[in-house]
Structure formats: C-alpha cells, structure tokens
Amino acid sequence: MHVSVDQDRCCSSGQCVLAVPTVFDQDEEEGVVRLLDADPSPELDEKLRTAAALCPAGAISLTEVAR
Amino acid sequence: MTSLHEPPHETAELFTFPQPRATGCPFDPPPAQRRPATRMALWDGAPCWMVTDYQDVRTVLSDRRFSADARIEGFPFFAPGRRAFIRDEPAFIRLDDPEHQRLRRMMTGDFLVKRVDQLRPRIQRIVDDALDAMIAKGAPADLVADFAFPIPSLVICELLGVPYEDHEFFQRQSRLVLDATAGAEQVKAAMDDFNAYMTELAASKKGEEDGIVARLASREDLTPGEVASNALLLLLAGHETTANMTSLSTLVLLRHPEQLAKLRAEPELVKGAVEELLRYLTIVHTGLPRVAVEDVELPGGAVVRAGEGVFAMIAAANRDEEMFGAGEELDITRDARRHLAFGFGVHQCLGQPLARVELQIALATLVRRLPGLRLAVPFEQVRFRTESLIYGLHELPLAW
Ligand code: SF4
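Those sequence lines, one after another, are chains Y and G. Numbering of the first sequence is given in the UniProt record's numbering, commencing with residue 1 and proceeding in unit increments. Numbering of the second sequence is given in the UniProt record's numbering, commencing with residue 1 and proceeding in unit increments.
Everything labelled a hint here was simulated from the structure, so no lab data went into it. Computed from a prediction, not measured in an experiment: that's the story for all the values here. For every residue, glycine included, the Cβ atom is placed at its ideal position computed from N, Cα and C. Take these hints with a grain of salt, some might be off.
Derived pair list, reagent style EDC-like, types lysine to aspartate or glutamate, alpha-carbon separation capped at 20 Å [unchecked claim]: (1) K114/G / E64/Y; (2) K271/G / E329/G; (3) K114/G / E30/Y; (4) K188/G / E200/G; (5) K114/G / D25/Y; (6) K271/G / D335/G; (7) K114/G / D37/Y; (8) K188/G / D88/G; (9) K114/G / E28/Y; (10) K114/G / D27/Y; (11) K271/G / D128/G; (12) K47/Y / D335/G; (13) K271/G / D88/G; (14) K47/Y / D6/Y; (15) K262/G / E328/G.
With beta-carbon atoms standing in for the labels, derived distance ranges [said to hold, decoys possible]: (16) Y164/G / E43/Y: 45 to 53 Å; (17) P21/Y / E380/G: 27 to 35 Å; (18) E64/Y / E380/G: 52 to 60 Å; (19) D63/G / D27/Y: 46 to 54 Å.
To give an idea of the interface, some chain G residues facing chain Y are shown, with a C-beta separation under 7 Å as derived from the structure [to be verified]: (20) L112; (21) P163; (22) G345; (23) V346; (24) Q348.
Assemble the whole structure, with the sequences as input and the hints as a guide.
Now the structure itself:
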C-alpha cells in the first residue's frame, strides 16, 4: 500500500499516530501529520486501512500497489 | 434559502431537550433518537433535522457543505439559552476553516499524542493523590466530587495556567452554561462572568510563556476576545467531559460485573475498554449542531436543504449494529475505535489524546486499588445529569 497525506487538511487529531505509530507522526508545533514511511510493508495494510478510516479530516490516502 | 421566519412545518414534531431516557436503561441513548433521519421544528419555528444513522452522522460532521459557524442563518439552537453561549468572537469550535484551522493550530501542540504521553507520570500522581484523599475520608465517598472532577480539573488548569483554587467558581459557571434547560438570561450571565474572569486572567499573563493562556495572550494576531473565548472553551471542555466519563464509566462497570472482572484480570485491556466506554456512553448526548450551506443528500437518502439546521446524534450512531455488531452491548474487548464520541471531521475533539490518557489512568487505578468497590446506595437513587449538554452523574456514592 502506498500512503500519502494532505497536511493542509489534517486537524491534528492524532488518530493515525495511535493506529500506526511506525508510519505516522505529528509535528512538534501544531501536530500536523508527518509521514514516516510512504511504502510500509504489506503486513501493515489492515492497520493502514483503519488509520485512513479513523482520520476525521480525510487527510490520508491509500493506493494499492501491484505486487 | 429557507428563511428562519417561515412558519414552522405544520406536521413537524418539536425538537426539545432533555430527551427522556428509556426507563429500563439510563445508559442507552434516548428512544427519541433511535429512528431514521427526521425533520423537526425548533422552539423558534426553524426547521431542523435529527440525524442518527452512523454514515449520515459521519457525513454531516465531515462534509464541508455543513457548517459549524453559529453566525450563519439557520444554525440550530435547540433552546434559547444555547444562542447566549456564542460569543461575538467565537471559539474555534463554532468557526469553519480556514479561521477554525488557524485558531485550532495555535492550541494543538499541547495535546499531541506524544506530548500527552509524557504527562502520564504527572497524571498518575494526580489520580493517586485524589484516591488517597478519598480513601482517607472513608466510605461512603462521592466519586464525582472526590475523584472524577478533581483529576481533569487539575490537569487542564496546569496546562492552561489557570489557578486551581478557582475551580469552584468555574465548575459552577460550567454547570450553568451547559444546562440545556437554562434560560437565555441565565446562560448569558454565566458566560459573561466566565468570560470576564478569563479576560482578566489572560491580561495578567501577557508576556509570560508558561501555559496555554499565557501563550495565547502573548500573541499579536489574537484579540483579547479571541484569547478569552478559546481558552474558556478548553477549560470548559477539559474538565466537564472527562469528569462525567469517569463517574459514568465507573457506574457502568459496576453494573457489568463480568466486564469489570475482565478489566481487573487483564489491566492491559484498559485502552480498548476506554474506547468502548466512550462509544457506549457517548456523553455529548444532545447531538452536535451544524447548518447546511448547500442542499445535501445524505447516504441514508434524506435531503437536507441549504439553511436547515442538523443535529448529528453521535450517541445513537455509536450503537449502529452494522458498524459495531451487537452495538447495544458493552464489550470492553471489541474494537470500538471507529466510534464518534469525540465527533468526526475537522472539529473532532482537540483534547482527545488527553481525555484518553486521563480515563485510562483513572479507571485502571480505581479498579486496581479498590477491589471491593461497590455502590453505596440503591442504583435507583443515582441521579443522572439529563439536563446537561454533557450527560453524567450528579453524585456517585461508593463504598469499598
Ligand atoms: S488522523 Fe488525520 S487529522 Fe488526525 S493527525 Fe492523522 S492525518 Fe491529521
């Protein structure tokens, strides 16, 4: 799964960090989402889907990558 | 646009609070909220919607065609007192982006997941101290006054830089402000006093760096009115919600001994248990108000017209069977993370990481340290805060 984030939309709820802390982080000042890993290992696919569903601002997009 | 001054719908049912709970279970959302999207009329004749389905509620809270700005014509106030709550310079909760985001981002730094995690030892101390004092006083104790309120009050006071000595004053003001049955005059007077207090406090902290109030007050790009209304919101939201979640959660666990036993046996379940309790109880039981700025067809098929108010009933949505399976049951082991207790969309609760950690520590400590915890009065005597925007308990007499 390829991950991208839209920092303009992010409302710093931190849901993504709670769901997948190895992929998402928050910046120190305003809590805006930071992407740590845009192409995480496939084992994380399910957790990434949860993170995207939890994001209240629709700031996380996932695209399936052909394997 | 539908005008506020059009006569109300002949057949429309009146939208009123408090909505009575079913006699069987005071933890279930009011029966009035358990139905498909319904068009209703407010006390002032304005048309509004009550939306209860999970997908409909999510849409209302996250689609930008619904506004949170109370200054837009058609914004729904379910009682006259609610209008008095809104200041001339509204807090971020009652603004849309980009204004909302500009203000909100000034405050997010203190509520980051990582930042709040660093507060865990401090919160644990506060929780232990409150429990020590309650135990020292002896049973029966009132969990609401002795434990549930002091914890979030102390934490939010420290974060904001508000003197905790004033807590009786601001707890009284909060109670008035959040009373759904209070008249416009009463709410306005309470808001004015509250606002004057915060304006004065902020002015005295200008130029200082410690605490959120000082930092907001020292910003050139905020007016004193903006500083006061935003700081006030954090103070209000920061203690009322968590306090009521703590007391209500304790009561629910005592009423579900098998769930309580599970939590005692496996303390690591507490994180999931807190999510489930948030879902099950959803203490913002009056719903979240929005106004449509365009016509919108909801996933469930209802068409909301521009200028119509909507109440997104998160308590009802959080019982959705399709989403949660057996949504009526309390099950601390389920994955309840998709609940809407903190709202949804860009307005989703700013303080949620803090609320989570406070609840986790408070509940884990309570069940660990008091294995004999029990109600000290018959359940029928427990008084619920039905009149408040935030559901909870007036008092919870406990023994151990
Ligand atoms: S879940 Fe969404 S809104 Fe919340 S911090 Fe992550 S990206 Fe931002």
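Quick rundown of the hints versus the structure:
1. K114/G / E64/Y: 30 Å, violated
2. K271/G / E329/G: 18 Å, holds
3. K114/G / E30/Y: 12 Å, holds
4. K188/G / E200/G: Holds, at roughly 18 Å.
5. K114/G / D25/Y: 9 Å, holds
6. K271/G / D335/G: At roughly 10 Å apart (the allowed maximum being 20 Å), D335/G and K271/G satisfy the hint.
7. K114/G / D37/Y: Between K114/G and D37/Y the Cα gap is close to 18 Å, so the pair holds against 20 Å.
8. K188/G / D88/G: 12 Å, holds
9. K114/G / E28/Y: Holds. K114/G to E28/Y sits at ~9 Å (cutoff 20 Å).
10. K114/G / D27/Y: 10 Å, holds
11. K271/G / D128/G: 19 Å, holds
12. K47/Y / D335/G: Holds, at roughly 12 Å.
13. K271/G / D88/G: 39 Å, violated
14. K47/Y / D6/Y: With a Cα-Cα distance of about 19 Å, the restraint between K47/Y and D6/Y holds, given a limit of 20 Å.
15. K262/G / E328/G: The given pair, whose Cα atoms are some 19 Å apart, holds under the 20 Å limit.
16. Y164/G / E43/Y: 45 to 53 Å: 46 Å, holds
17. P21/Y / E380/G: 27 to 35 Å: 45 Å, violated
18. E64/Y / E380/G: 52 to 60 Å: Check passed, 55 Å falls within 52 to 60 Å.
19. D63/G / D27/Y: 46 to 54 Å: 27 Å, violated
20. L112: 5 Å, holds
21. P163: This interface hint is violated because 27 Å lies over the 7 Å limit.
22. G345: 5 Å, holds
23. V346: 4 Å, holds
24. Q348: Holds: closest Cβ of chain Y sits about 4 Å from Q348/G, inside 7 Å.
The structure does not agree with the numbered hints 1, 13, 17, 19, 21 stated previously, though it agrees with the rest.
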